[in-house]
Amino acid sequence: MELFEQYGIDIGYVVMGMAVVILIMFIMLVVTMAKNASMRKKYKIFMAGESGKNLEKSILEKFAAIDTLEVNVKDIYSKIKSINGQLITAYQKIGLVKYDAFKEIGGKLSFVLVLLTAENNGFIINSMHSSKEGCYTYAKEVVNGEAFVILSEEEQQALEEAKANTSLKKLAEKNR
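Numbering (the numbering used here), first residue to last: 11 to 186.
No lab work stands behind these hints, which were simulated from the structure alone.
Quick reminder that beta carbons are idealized off the backbone N, C-alpha and C, glycines included.
Watch out, some of these pointers could steer you wrong.
Unchecked claim - Derived DEER-like restraints, expressed as beta-carbon distance ranges:
(1) Val81 x Tyr101: 31 to 37 Å
(2) Arg50 x Val81: 38 to 44 Å
(3) Leu65 x Tyr101: 36 to 42 Å
(4) Phe112 x Ala149: 44 to 50 Å
Claimed, not checked - In the SDA-like style, the derived pairs of lysine to any residue whose C-alpha atoms are separated by at most 25 Å in a straight line are:
(5) Lys113 x Gln166
(6) Lys173 x Phe158
(7) Lys45 x Ile55
(8) Lys150 x Ile104
(9) Lys108 x Asn94
(10) Lys72 x Ile104
(11) Lys113 x Gln167
(12) Lys142 x Ser162
(13) Lys72 x Ala58
(14) Lys142 x Glu129
(15) Lys89 x Tyr101
(16) Lys45 x Leu79
(17) Lys150 x Ala174
(18) Lys118 x Cys145
(19) Lys89 x Lys118
(20) Lys113 x Ser141
(21) Lys54 x Lys67
(22) Lys108 x Ala157
(23) Lys173 x Asn94
(24) Lys118 x Lys67
(25) Lys150 x Gln96
(26) Lys142 x Gly117
(27) Lys150 x Ser140
(28) Lys108 x Phe133
(29) Lys45 x Met35
(30) Lys118 x Ala149
(31) Lys108 x Gln96
(32) Lys173 x Asn130
(33) Lys52 x Ile69
(34) Lys67 x Met57
(35) Lys173 x Lys52
(36) Lys108 x Lys67
(37) Lys150 x Ser137
Using the sequences plus the hints, can you model the full thing?
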């Protein structure tokens with residue numbers, strides 16, 4: 011006590027300070043014990059019915075399954091790339107216009123069918139029907155969205171309709 015008097019410190023302040031420090035330490039002890047109890051509950055749930063060896067075996071099996079899945083994903087990805095490469099050459103844009111070719115029957119039995127790939131390559135089939143003269147069918151090639159022969163109004167309309175269709179290639183690029 012002489013030490014406190016020598017430096018002019020009131021013993022009451024020291025006791026109150028120590029009481030506050032002890033109270034804080036007690037609160038910290040209670041919090042630590044609560045966290046420890048929570049951790050023990052989680053550990054018991056985690057280890058329920060398992061010994062250390064069984065748990066290790068289970069974890070190794072899960073890692074092996076993950077490795078197998080990674081191989082499968084790589085295989086699936088390569089197959090998808092192959093399919094996408096094949097889809098580029100598949101006919102995926104369609105234009106169809108029905109019309110009355112000779113204006114004699116009043117029925118729209120004639121038609122123009124356009125089939126295009128993703129790069130707008132393909133063909134035009136024009137089937138003109140007449141009740142008196144029979145049916146005539148013509149095919150015209152389309153390269154990069156252009157035909158190198160003169161197109162009728164219906165053929166041009168069907169070609170524009172086909173080119174306006176959304177291709178699978180554009181959808182695939184959007185989803186990447």
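Practice item. Determine which of the earlier numbered hints do not hold for this structure and return their numbers in increasing order. Key: Checked against the structure, the hints that fail are numbers 3, 4, 9, 10, 14, 16, 19, 24, 31, 35, 36, while the rest are satisfied.
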